[in-house]
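**Student:** First residue of the sequence shown? That's 0 in numbering that gives the first Met the number 0, and the numbers climb one at a time after it.
Be aware that a few hints might be false.
As the list claims (entries may be wrong) - Computed spacing ranges between beta-carbons, pair by pair:
| # | residue 1 | residue 2 | range |
| --- | --- | --- | --- |
| 1 | 14 | 287 | 32 to 38 Å |
| 2 | 70 | 124 | 34 to 40 Å |
| 3 | 344 | 313 | 17 to 23 Å |
These are computed hints drawn from the structure, not numbers from a lab. All values reported here derive from a predicted model rather than from experimental measurement. Just so you know, even glycine gets a beta-carbon here, dropped at the ideal spot from N, CA and C.
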Amino acid sequence: MHSLVIASAFILDLIFGDPPWFPHPVRFIGRMILLAEKGLRNVTRSPRSEKAAGVLLVLIIVTPVYFLTRLLISTASSLSITFGFLISAVTAYTTLATRGLADAARLVQSRLEDGDIVSARKELSMIVGRDTANLNEQEIARAVIETVAENASDGVVAPLFYLAIGGPALAMAYKAVNTLDSMVGYKNEKYVNFGWAAAKLDDVANYIPARITAVLISLAAVISRRLKQVLSPSPRSSPARGKGDSELRTQPALESLYRGNSELRTLNFELSSPWRVMLRDGRNHLSPNSGYPEAAMAGALGIRLGGPSAYAGKIAPKPSIGAGGRPPDKKDIANSVRLMYCSTLSAALGAVAVNFFLTKIVRVL
């Protein structure tokens, strides 16, 4: 039944996104982390004790989240198979962020297109950790595209990966790990020891999903390029007749979809670029994982990402990703969102298939 749960969760996420009125479990996990950190801080007196307290924090957050999720689903299933399925699907849905990520990115782009850079900076600050007050249009576009690429992994592909191999409980445990990292996994003086365990566990949990995401973004770019070649009429075969001729009217519906997305026609995909940039620049990041999807996105769009960014008033040096590419602009935001949708849809289909076959194997054994 998990395969149907995964499919239902992905569809729910595409339809509803992350409505602010919905009691999202991640908010509850965040409150748990704040309370646990406050209590553990009272007993830390040295760097070593801080690191030990950080390990304990991970255990007292992730373990209950996993088992409470399993208990919730098993209790619901014992009352009714249908009720159990609904609870499983909704729980799985809360681990995904496809629609929310796309909406947030498009909102920033909309502000830029309106010429309202102040509002664009404000909206950007809601989805990134860097300082946004002094960013120009190119820097805002860069930050959004980096966030889309990174969160395609953290917010969609990784939860789908854990849904496929362990169901909603494991996916929710992953969200707990990811939330811990976002709250305490910093390398500043306050968290370098206390957040060490959370940061390391998040690195391990995202190792495979980040690389899967990079491959899927690269595949999406290649497929988009092929579609462009197929759907663009060659000068040699194009009829000299008007657009209303029957030959053009009988072309596949896919062409009309393609033509409706005019910005897609501006993508200049080179077959080797996403793969080449991913392999060359995937390690050009402070994170052992985030660089791979960002490099694939940079190669797919032919742009340059990375570079210095300001955090809490201090400039953090970052290597360049996609060296040789042009600076990103606001139109690239929409293109990155399209690639994100293509890659996460592929991930969802893959997760359904993997879970289906894993279930079959378990039954045979």
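**Student:** Hint by hint, say whether it matches the structure.
**Tutor:** Consistency of the hints with the structure:
1. 14 <-> 287: 32 to 38 Å: 34 Å, holds
2. 70 <-> 124: 34 to 40 Å: Once the Cβ atoms are compared, 37 Å apart, the range 34 to 40 Å for residue 124 and residue 70 holds.
3. 344 <-> 313: 17 to 23 Å: About 39 Å separates the Cβ atoms of residue 344 and residue 313, which means 17 to 23 Å is violated.
Of the numbered hints stated above, the single one contradicted by the structure is hint 3.
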